[in-house]
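Engineer: Chain by chain, the residues run as shown.
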Amino acid sequence: MDASELEQYRAAIHGDREAFEMIIRTHSRALFAIAYGVLQNREEAEDVVQDSLVKAWKTRWRVRDAEKFLAWLATITRHRAHDIFRKRRAVSLSNETIEATESHPADTTAIDQQLHSALAALPEVHRTALILRYFEEMDYRTIENTLGLTNGALRGILGRALASMRKQLRPALASPD
Amino acid sequence: MATIHNEIENWLAADLHGELSESEQSALHAHLVDCAACRKAHHETKTMNKILEETLAHEKPDPAFERRMLAGFRNRIPQRTGVSKVLANLMRLRATQITAVAAVLLGLVQIGRMLTSENAAPLPSHENYVREGFVAQPPQAGATRADQSTSLAKSDELTRGRSQDLTLNEPPPPAAPASRSELDKEAAARPMGLAAAKVAAATPQNLSRAEQAEAKPGETPAPAQANRKLIRNATVQLEIVSFDDAVQKITALANEERGYVATTSSEKQANGKLRGTVIVKVLPENLDRFLQKVRGLGELKNQTLGTEDVTKAYLDTDARLKNARVMEQRLVDMLKTKTGKVSDLLQVEKELGRVREDIEKMQGELKYWDSQVQFATVTVSLAEKEMEEPAAFLIKERSQLALYAPDVEKIYNDIKALASQKVQVTNAQLNRDYSGRVSATMSMLIAPEESGAVITRVKSLGRVENFQTQTERIAQGGSGMSENAKTKRDKVELNITISREEQEQAFQQTSLRIRTSSVDEKAKDLRAVAEKQGGRVRSSTFSRDPNGRELANVWLRVPMKNYPTLMQSLDSLGKVENVTVQRQDRTGTQIDEANAPADISIQVYSQGNIVSHESGLLATLRRTLAQSAGAIMWSLRMIGVAIAFLAPWVIAIVGVIWITQRVVRAKR
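Chains as they are written, first to last, in my numbering: chain A, 1 to 177; chain B, 1 to 668.
It is worth saying that the hints were derived from the structure and are not from the lab. Beta carbons: idealized from backbone N, C-alpha and C, even for Gly. Don't take each hint at face value.
Computed spacing ranges between beta-carbons, pair by pair [to be verified]: (1) V83/B <-> A90/A: 51 to 61 Å; (2) S26/B <-> H14/A: 11 to 21 Å; (3) E24/B <-> I111/A: 23 to 33 Å; (4) E22/B <-> K58/A: 39 to 49 Å; (5) R67/B <-> I111/A: 26 to 36 Å; (6) S26/B <-> I111/A: 30 to 40 Å; (7) H14/A <-> V83/B: 13 to 23 Å; (8) A71/A <-> L90/B: 40 to 50 Å; (9) S164/A <-> A100/B: 24 to 34 Å; (10) E22/B <-> V54/A: 43 to 53 Å; (11) S164/A <-> A95/B: 23 to 33 Å; (12) S26/B <-> V54/A: 18 to 28 Å; (13) S164/A <-> L90/B: 19 to 29 Å; (14) A100/B <-> V54/A: 42 to 52 Å.
Given the sequences, and given the hints that come with them, work out the whole structure.
Structural biologist: Below, the structure is given as structure tokens:
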């Protein structure tokens, strides 16, 4: 995290709207990735990011340490996404059949479906890390910062995530070869 | 490379994601060449990576995502514009924040003060400042301005708002004249202000008059109305060194002030000092000056100054006098014409006499008042210094004597026989109460030269219990000290109380026990010893108890001087035990200690049987038996109590059980 970035966070915390908007420009994709990691639904994830940004702006004074601003933003997003996830589950329990047919449109390929179910089976951190990596092609350092992980932890996480995906999708992987 | 093999997944992922350093990459590739399993995993992971890249790329947000987010954010949090933005930016400054907090606190304090009805006003103080600004400018304010200052102050309320604004915007000095010109207009428009100005203009005159009055305190203010009849009089009390001198001076002063000395009276005190009064008549207008001068003669102790207004009474009397004169004239006329009966004429003459008497009386009254009014009366009381110095001292001696004697009546008569020209018995009383106790009280007045001899004589008649002499020095003709006053001895007063010896309280009380084998005999010896030492046996008892113990109590009274000898001789009678001595020191009284009585209470006793009934084997056995019997009785009693305590319950429980059994049996 360089000095100008830190200054930007600080200004945002003190209510500098332009600084905050700049943060939105640079980091909302990462937030989207986090939300998507939880929800695996683009529309919902977008809403979550939107809500989280508004909430972050309103409660920005709670952040004491500018260095943790990004991690705080990520936490807000994750919590918001979890809220939505819980609500959705409550609804889906009653409308499971409809949900099942609707959530997977017909045009998706078989491997797509398998991939998504494999993704859904991953632990949340693994999933989010994967998504951050493949959506934004972020380097490991940035992902670690965003998710509040210690240095070097991501290598293991991504390694395990990829391995478990690979094992689940082995039959499908074998076929195109 | 075992490590790479174990963590192949991580390595593969990092490799695909381009997160491996070059050395790590070459290490990984070297391992992949060696290890087939890892090669397979590598292959699979690569495929996996490709699929993920392909698939998730679809899910990735579109390029417009950020814009959407921004637009949504701006939509939901509208940007502040204009004033609110400036305010918000301002509030972001630390200094502004601190100021705001301070302002809020100040506001709270002000509200609090208003609630507690304290004077919450920084504003009034400002007003004061403005007002001061007006008044405190003598150079600019001319003479007329100064006069109008009061009116300014009055109208200032009206123009307060304006003047305030002015003073706020400009420094005070230039502002004041501007506002004053306005105020002048106001003042001119208001009659009230003008009136106030007049009053203010009038005050200097008042002031100068007051100053004049202060400057001459001795001067009498000129009588307001000349035709008023005022009687003025004064009294002055002075302490002077010499009476005659003072009288002379007062006479001179009276002449100076065109008055005269009416009366002088003086009185010589026993100590040769003079005291007196001088009555001086002076003209009323000179009274104050005269008093001032008189005061200088000595030390002023007291002064009163009074004025009596007799105008009304004077005028009344004057009018009545005129009427009476008219009456007189008419009566005289009646007599002159000499008409009517003789009896009537007589009546007229009688009436005329009464009227003339009245006229004379009234004339006298008026004359008296005139004289009183014409001259003020000053009564000067003079007293020479050290008036209170005593002329002589009288030494009064008072003695009190308490005597104890075997025969009260004899001494009573002896003392009475002492009476002579120089020894007067003023009071003699012999009392005998129902129990046969005799006492006497006597009072005597003895010429001073005889007193010593008589008192010694009386003392020798009995045993002196108490003798007190009180000498009093009485100053005559004053109080305090005097160096050359004479001292004279007065008659000595002697009060005597005579009582019988028996009634006297012992000076010392001793109690002791003597153990001996033959009590009766020793008691007799004891009596003999006591009599030999001049003692008297006051009472004695003898008793014997069933154990053969004998006990004799003897109460003796001996003079103190024989007490030690008696005590020594007691040792010969037996073993002396338990000696306690109690002495009653009577403070403040003179006691003839040698002859004072000492009481001794002696208990002579024998031990009786060596082995008493209460000790020894048999007695112990008997006591043991008795105690054990007692213990048994006690335990019996306790058992009885316990039974009484428990029995009702036991009976009740047994009864219930029995009934239950019967019921159960009946059911079967």
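Engineer: So, for every hint listed, does it hold in this structure?
Structural biologist: Taking the hints in turn, this is what the structure says about them:
1. V83/B <-> A90/A: 51 to 61 Å: 46 Å, violated
2. S26/B <-> H14/A: 11 to 21 Å: 49 Å, violated
3. E24/B <-> I111/A: 23 to 33 Å: 31 Å, holds
4. E22/B <-> K58/A: 39 to 49 Å: 48 Å, holds
5. R67/B <-> I111/A: 26 to 36 Å: Given about 32 Å between the Cβ atoms, the range holds.
6. S26/B <-> I111/A: 30 to 40 Å: 33 Å, holds
7. H14/A <-> V83/B: 13 to 23 Å: The hint (13 to 23 Å, Cβ to Cβ) holds, given that H14/A and V83/B are roughly 20 Å apart.
8. A71/A <-> L90/B: 40 to 50 Å: Check failed, 31 Å falls outside 40 to 50 Å.
9. S164/A <-> A100/B: 24 to 34 Å: 57 Å, violated
10. E22/B <-> V54/A: 43 to 53 Å: Once the Cβ atoms are compared, 45 Å apart, the range 43 to 53 Å for V54/A and E22/B holds.
11. S164/A <-> A95/B: 23 to 33 Å: With a Cβ separation near 57 Å, S164/A and A95/B fall outside 23 to 33 Å, so the hint is violated.
12. S26/B <-> V54/A: 18 to 28 Å: Since the Cβ atoms of S26/B and V54/A sit about 50 Å apart, the hinted range of 18 to 28 Å is violated.
13. S164/A <-> L90/B: 19 to 29 Å: Violated - the Cβ-Cβ distance for S164/A and L90/B, about 55 Å, lies outside 19 to 29 Å.
14. A100/B <-> V54/A: 42 to 52 Å: Distance hint for A100/B, V54/A is violated at roughly 26 Å.
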